[in-house]
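Here are the chains, one letter per residue:
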Amino acid sequence: MIAFNARSAWTIYKREVLRALRTAMQSILAPVLTTTLYFVVFGAAIGSKMDSGMAGVNYGAFIVPGLLLLTLLSESTSNGSFGIYMPRFTGAIYELLSAPVGVAETLIGFVGAAATKSLILAAIILITATFFVDYTIAHPFYALGFILLVSASFSLLGFILGIWADSFEKLGIVPVLFIIPLTFLGGTFYSIDLLPEPWRSVAMANPVVYLVNGLRWCFYGSSDFPIGLSLGMTLGFLVLCVAFIAWIFRTGWRLRA
Amino acid sequence: MELSPVSRITRGMEPILEISGLTKTYAGGFTALQGVDLTINKGEIFALLGPNGAGKTTLIGAVCGLVRPTSGTMRAFGQDMTHDWRALRARIGLVPQELATDMFETVLHSVNYSRGLFGLAPNAARIEEILRALSLWDKRKAQIRALSGGMKRRVLIAKALAHEPDLLFLDEPTAGVDVELRRDMWAQIAQLRDRGTTIILTTHYIEEAEEMADRVGIIQAGSIRMVEETRSLMKRLGRTEAHIGLATPLAVVPEVLADYNLTLVDGGQELLYRGGNGAGGGKAEVARLTKDLVANGIDYTSIDIRESSLEDIFVDLLEGAAA
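Protein chains in written order, with our numbering: chain G, 1 to 257; chain B, 258 to 580.
If you're looking for bench data, these hints aren't it; they were derived computationally from the structure. A couple of the hints might just be wrong.
[Said to hold, decoys possible] Computed beta-carbon distance windows for the label pairs:
| hint | chain 1 | residue 1 | chain 2 | residue 2 | range |
| --- | --- | --- | --- | --- | --- |
| 1 | G | Asp166 | B | Arg325 | 17 to 27 Å |
| 2 | G | Ala138 | B | Asp395 | 52 to 62 Å |
| 3 | B | Thr339 | G | Val40 | 54 to 64 Å |
| 4 | B | His461 | G | Asp166 | 26 to 36 Å |
| 5 | G | Leu33 | B | Asp341 | 45 to 55 Å |
| 6 | G | Phe141 | B | Ala344 | 36 to 46 Å |
| 7 | G | Leu119 | B | His461 | 45 to 55 Å |
| 8 | G | Arg88 | B | Arg383 | 26 to 36 Å |
[Stated by the list, open to error] In silico DSBU-like pairs for lysine-lysine, Cα to Cα no more than 35 Å straight-line:
| hint | chain 1 | residue 1 | chain 2 | residue 2 |
| --- | --- | --- | --- | --- |
| 9 | B | Lys409 | B | Lys398 |
| 10 | B | Lys299 | B | Lys396 |
| 11 | B | Lys409 | G | Lys170 |
| 12 | G | Lys14 | B | Lys396 |
| 13 | G | Lys14 | G | Lys170 |
| 14 | B | Lys409 | G | Lys14 |
| 15 | B | Lys398 | G | Lys14 |
| 16 | B | Lys409 | B | Lys396 |
| 17 | B | Lys299 | B | Lys409 |
Nothing here was measured: the structure is a model prediction, and the numbers come from that model. Beta carbons are placed, not taken as given, at the ideal position from N, Cα and C, and that holds for glycine.
Pulled out of the complex, with its shape left as it was, chain G reads as follows (with noise of 0.2 Å):
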């Protein structure tokens, strides 16, 4: 009995990946472009009459976490969606439905490729980012895990929202108004230990506010939580995503008739 299509996988993760070359405008110029202009605006421009810092670190290398995950985030979730959307919305989803492929072989291409993408585009701005802003990454090993990590999480968010989306308005309604809003308030700009009750308490109920801590940590070594907090709940989003995925699978939910 074949458990696990090795070959499949590889076929969907290939495709998807040269899916995004072929849009690289779009898929990486675009939001390499856009953290640059943060990175301008915030890290060189406002950041540079800010003495005192944040947090202990200089305000342009403290924002650079913050706008790495606020791209990981809105990318891998766009891109998780956008993979698997666009069969269901062409039609073309009979093929994959019909091969001899489940939901590891499913999620090894769709997913694994839209994380890829992300760690290229996390790579590029880190990188772009040393021309504008002085940072250091304390904890280099952890930082990758944890960008692994997100890009992975929120890669499997954004095949379920395009299995939920029944239109291109719901693809682009999750990333635009709940994953950048959360990552902006999250602490990206600043720590949340200047914000004053009750808005600390509240800002503790935003998921996204663990995952900058933690990558801040990865960084700096320091954070408002322990990083062991931070990746306990991005590993136990992954492990949610993956089982409501799996579910999806059994059932056919949004993609058997």
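Given chain G's structure and the hints, the job is docking chain B onto it.
Same frame as chain G, now just chain B:
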């Protein structure tokens, strides 16, 4: 296109697909399949006929994994399809009704993708053979969106053949394709069958089923009404119709012609013959009739003779079922 006699014979009776008691009720309450029982034999071309909404596409979708059946069992290649479904699906191909694929991909890339998706290693020679057979080799580097409708449909066939399926579903394979290309496709489908691929096709060109299929199944309102060999169906229900234009109008059918099934139409200017058995018997009887007309001094100016088609039979059956 006339198929070779051997290809008209259903090869053996080894079942390749066995569907039993298959039902499908959609979430909205519509029942698309009502206890379908159907067996497809290895090596045959089976045509599934039915009006729009009869359940043809749902039935294909259920076998190919696009539709979740409500109840019933399906066995392919002798095994239950719920067990080791990966191995079974790898042997089944599907050409959908809609032209649905990534239109921005090149033909070659798209077909290679299909092969890999079904778990097979790249095989440039095999892909070239498929593309050449479908007259797509010269277009292999073209984006699919740049191709004509007929070519796009052939790309979908090439994609379905890329993993060399033993059982191939063709859902309206020649819809929207011009007559010449349709005949090319028939030839290609016949070649596939000659190589041993079992083919199940749905079509609304009943001429297509008549020309190609070893057996036809008629599905209506989610139930299989009839499954029969095409030739025996034609023989059993086929008829010959002859319109004989008379030089001089008649008031009644002459007594000497009482042995023939004749009626006078068009104000007595035309004799209408209906009879035969769909296997040539009617034509022979019309030949005898014309001799009798001459022998009895009844002059005629024209003869228009035609055999009833599978379409006529199909329409008659559906009308009969509706009544």
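- [ ] Evaluate the given range 45 to 55 Å for the C-beta pair formed by leucine 119 (chain G) and histidine 461 (chain B).
- [x] 50 Å, holds
Open item on the list: For the hint 52 to 62 Å, verify it against the beta carbon of alanine 138 (chain G) and that of aspartate 395 (chain B).
Closed with: 58 Å, holds
Open item on the list: Given the hinted pair lysine 299 (chain B) and lysine 409 (chain B), is their Cα-Cα distance within 35 Å?
Closed with: 28 Å, holds
- [ ] Could you check the hint for me, namely that leucine 33 (chain G) and aspartate 341 (chain B) are 45 to 55 Å apart, CB to CB?
- [x] 49 Å, holds
Open item on the list: Tell me if the straight-line CA distance from lysine 409 (chain B) to lysine 398 (chain B) falls inside 35 Å.
Closed with: Given pair lysine 409 (chain B), lysine 398 (chain B) holds - Cα atoms ~13 Å apart, limit 35 Å.
Task: Given pair status - lysine 170 (chain G), lysine 14 (chain G), alpha carbons within 35 Å - done: 27 Å, holds
- [ ] For the pair supplied as a hint, lysine 409 (chain B) and lysine 396 (chain B), confirm whether the alpha-carbon distance does not exceed 35 Å.
- [x] 11 Å, holds
Task: Range hint 17 to 27 Å (beta carbons of aspartate 166 (chain G) and arginine 325 (chain B)) holds or violated - done: 18 Å, holds
Task: Satisfaction of the hinted span 54 to 64 Å by the C-beta atoms belonging to threonine 339 (chain B) and valine 40 (chain G) - done: Distance hint for threonine 339 (chain B), valine 40 (chain G) holds at roughly 58 Å.
Open item on the list: Hinted pair, alpha-carbon criterion (35 Å max): lysine 409 (chain B), lysine 170 (chain G). Please report holds or violated.
Closed with: Given pair lysine 409 (chain B), lysine 170 (chain G) holds - Cα atoms ~30 Å apart, limit 35 Å.
Task: Given pair status - lysine 14 (chain G), lysine 398 (chain B), alpha carbons within 35 Å - done: 18 Å, holds
Open item on the list: Given a hint of 26 to 36 Å, does the C-beta separation of histidine 461 (chain B) and aspartate 166 (chain G) actually sit inside it?
Closed with: 29 Å, holds
Taken one by one, the earlier hints all hold for this structure without exception.
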